[in-house]
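Sequences are here, hints too, so could you generate the full structure?
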Amino acid sequence: MKVKSYFIVLIILILTVTAGCSTSGSKTQSQSQSDKQLVIGLDDDPPQLDPQKSSAAVDRQVFQSIFNTLVDIDKNGKIIPELATSWNISKDGKTYTFNLRKNVKFQDGTAFNADAVKFNFERELNQKFGSPRLSEIGLISQVKVTNPYQVQLVLKQPFSPLLSILTDRSGMMLSPAAVKKEGAGFSNHPVGTGPYKFENRVKQDHITVTAFKDYWGKKPKVQTIVYHPYTDGNVRLTNLTSGSVDLVNTIDYKDINQVKKNPNLKVSEKAAIGFQGLTLNVKRAPLNNVKIRQAINLAIDRNAIARVIFHNGVTPANGPIPTGSWAHDSSIKVPAGDTNVARKLVADSGLKNVQFTLKIPAGSSQNQQLGQMIQSMLKKAGITVKLEQVEFGTMIQQGIDHNFDAINLGWSGRIDPDGTIYSWFATNGSNNDMGYSNPKVDQWLNQARTISARPERAQIYHKVAQQLWKDAPYIALYYPNDFKVMKKNVSGFQHYPDTMIRPESIYFK
Amino acid sequence: MEQPQLKAGPITFSKPSKKVVSRRSSKILKHKLALMGGIFVAVLILLAVFAPLIAPYSPIRQSYAEALKPPSSAHWFGTDTLGRDLFSRIIFGAQVSLKAGLISVGLALLIGVPLGMISGYFRGLWDDLIIMRVTDAMLAFPSLILALTLAAVLGPSLNHAMIAIGLVFTPNFIRLVRGEVLAQREREYVTAAKASGLKNVHIMIRHIFPNILGPIIVQATLNVAAAIIAEASLSYLGLGTQLPTPSWGAMLAEGQGYLQQAPWISIFPGLFIFVAVISINVFGDGIRDWLDPKIK
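Protein sequence lines correspond, in order, to chains B and P.
Residues 14 to 522 in our numbering are what the first sequence lists, from first letter to last.
Residues 403 to 698 in our numbering are what the second sequence lists, from first letter to last.
Calculated directly from the structure, the hints in this document are not laboratory data.
Remember, predicted model here, so these are calculated numbers, not experimental data.
Careful: at least some of the hints might be erroneous.
[To be verified] Partial selection, computed: residues in chain B whose CB lies under 10 Å from chain P: (1) Asn270; (2) Gln271; (3) Ala317; (4) Pro374; (5) Ser389.
[To be verified] Here are the simulated lysine-lysine pairs, DSBU-like style, with alpha carbons at most 30 Å apart: (6) B:Lys216 with B:Lys234; (7) B:Lys392 with P:Lys471; (8) P:Lys471 with B:Lys279; (9) B:Lys296 with B:Lys399; (10) P:Lys471 with B:Lys274; (11) B:Lys393 with P:Lys432; (12) B:Lys399 with P:Lys471; (13) P:Lys501 with B:Lys392; (14) B:Lys483 with B:Lys453; (15) P:Lys471 with B:Lys273.
Beta carbons: idealized from backbone N, C-alpha and C, even for Gly.
Pasting the structure below:
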């Protein structure tokens, strides 16, 4: 026992010390730094490489080099042509006609045309195939080939977020020939029309893609891209600072200041599309009392949280639609922790000794800090918070089962506000763990789906935001900003609001 | 030229051999270490008991303006990410660590000693074989994994962590006590007690137990150190002490991400775990030497 205890203590010490030394350590240029190879560090290993089977966001970082979508977004989130050169939406909003780009080849040499588009959508829409993307495009009832370079998508009902959704994985075009040839093996040998073609992969180690000679667009300057997964933020950053990685898709907030000071690195920051905060169970006491929920909403100082825990790498939130979205309502003031108003609300609620349990994901010191800050802020407002750390998967399940008072949970968000909030706040929505239901909100959310013009839709989303502010079923705390960090000599990187790296524009200076 | 050699001869001769010297000095060193360990343990207990009086700040007082400040006269050990005073947190953390160490070992004693005595004294099928096989099965598990599983099943809290650690350490005591009782039950005084018609329970408690107390105390001391580490490990993983109660393990975890910017957040709790465990161990060794007639 004694020897063992010494040993454990020693290991803890060694770990503590070595973890501290590692980043400041050697500066050897470990890997070749030719213009020909770009090394990208990802925050996780993509589970598989079939876009239509993908449910992990990190997959898409790799898909962006191999596949094209029918339409894409520009840096401001505006829909732009990609494999479709133009499109037209019928007056009733139910038929989308796409005119396709000609002379486009898949990386296996086969031609891209209307039949290929039809094949792709039918594969995704097939219930038996079980695509995780199905729920996004499930309203498509028919895919019609009107000529070799024109396709029509017919919807069961109007659904204005469709174009935004098609910029994601459900709009990526796979080679029908390769899908037929590889079958289930396609996810190990993906073939698309993108600027890079898949070369090889060693799981948990790397994915290599090389420039595709017959790419229809502007030829990429970098010949080879290697993706390496690093789940640990410290390890990812160390590999960047030591020179073996050129670009990373995310960093820990605590490292922001350190990275900004590093003369060898460049930081690109962009408002992203997700939100983070507290899911409140509106069906369980004491959080079924709207006054208590409002008190919680007002008592939490968002700016302090953004500053202390996230080192200003996040934007303080006033509701679920982030500041970067055209549907964001900036007329709602971000709470600055008004203890007096919150106290009064608690008193008005008529409840005594208000207390609830807040579940936070175990093992995340960031969330532990957040929980403790909230605990201390709400204590001043007369609300006692008990913190419970729960393993993330279990926590998600308890959310689905409505077995909680409050959960610290957020959402990665979508380009279109519908994708960001519909599933959360519509009655019985798939992410509506709160048990929230407001007929007015339901009506607005559905109405917004039928309108194509953004200014009109924005008006409706503002109404939703105002109502959510009053009902406070979810306490939005912050919008995570997206950080891409790269070496000084990496040029041409463009930051998109969907946080995906589109590597074809990158070159070395 | 020969004189110095002649002089040198008797002197070296009169010295004790190197072996004897090193044995003696190592014994003194060991005593000193045990003494130092004992002193540190005593200091730790005092710190824990009088924590509210000694700590300059409340351990959960957050002051965002003072976040991540290095050690200074205002904050001896610096502050953490939420601007809490680390010195105060370490002192209050000592309460948690000692409580975890003592209560979990207490639990292990409470279960382990009676079971070990029954097993060793009666040596029957049910009371010996079954108990020992269960004990063997438990010992076959890596103790931390077993504690982790128990803590995860019971739910995260300090009380549950202590129960888990206590159960994990129980087999150590069962084994030890059984072995000691096996030796004692063959002694004449037990035979005499039996012959005079005393009940088994009486013999076990009044006659055998006082004779096996020494090894139990030593084992218990050493296990307190192991229990402190186990609590720190569970809290490090979020399965022990719950926030915002300060625990050395949880503090270590909290500081891990800030090793480059603010190393003091994890260095101080790490140091205290290290020194506390070493001290209790050398102190335990000292007690063993002191109780062992062969070493005297």
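Check: Given the hinted pair lysine 216 of chain B and lysine 234 of chain B, is their alpha-carbon gap at most 30 Å?
Finding: Answer holds: lysine 216 of chain B to lysine 234 of chain B is near 26 Å, not above 30 Å.
Checklist line | Interface hint outcome for alanine 317 of chain B [beta carbon to chain P under 10 Å] | finding: holds, 6 Å
Check: If you draw a straight line from the CA of lysine 296 of chain B to the CA of lysine 399 of chain B, is it 30 Å or shorter?
Finding: Cα-Cα ~19 Å, so holds.
Next item on the list: Starting from lysine 399 of chain B, check that the Cα of lysine 471 of chain P is at most 30 Å away, please.
Entry: Given pair lysine 399 of chain B, lysine 471 of chain P holds - Cα atoms ~28 Å apart, limit 30 Å.
Next item on the list: Would you settle whether the hint for proline 374 of chain B is holds or violated, based on the nearest Cβ-Cβ distance to chain P being less than 10 Å?
Entry: holds, 9 Å
Check: Given glutamine 271 of chain B as an interface hint, is the shortest Cβ-Cβ distance to chain P below 10 Å?
Finding: Since chain P brings a Cβ to about 7 Å from glutamine 271 of chain B, closer than 10 Å, the hint holds.
Note to self: Just to be careful, I want the Cα atoms of lysine 501 of chain P and lysine 392 of chain B compared with a cutoff of 30 Å; is the pair within it?
What the structure shows: With Cα atoms ~27 Å apart, lysine 501 of chain P and lysine 392 of chain B stay inside 30 Å; holds.
Margin query: Does lysine 279 of chain B sit within 30 Å of lysine 471 of chain P, going by the straight-line distance between their CA atoms?
Written below: Status holds; Cα separation ~27 Å.
Notebook entry, point to check: Are lysine 471 of chain P and lysine 273 of chain B close enough, with their CA atoms no more than 30 Å apart?
Noted result: Holds, at about 20 Å.
Check: Does lysine 274 of chain B lie within 30 Å of lysine 471 of chain P when you go C-alpha to C-alpha?
Finding: Distance ~19 Å between lysine 471 of chain P and lysine 274 of chain B Cα, so the pair holds.
Next item on the list: Identify whether the interface hint at serine 389 of chain B stands, where standing means a beta carbon of chain P within less than 10 Å of its own.
Entry: Holds - the Cβ of serine 389 of chain B comes within 10 Å of chain P, reaching about 5 Å at its closest.
Notebook entry, point to check: For the pair supplied as a hint, lysine 483 of chain B and lysine 453 of chain B, is the alpha-carbon distance within the 30 Å limit?
Noted result: Holds. Lysine 483 of chain B to lysine 453 of chain B sits at ~13 Å (cutoff 30 Å).
In summary, the one numbered hint that this structure violates is 11.
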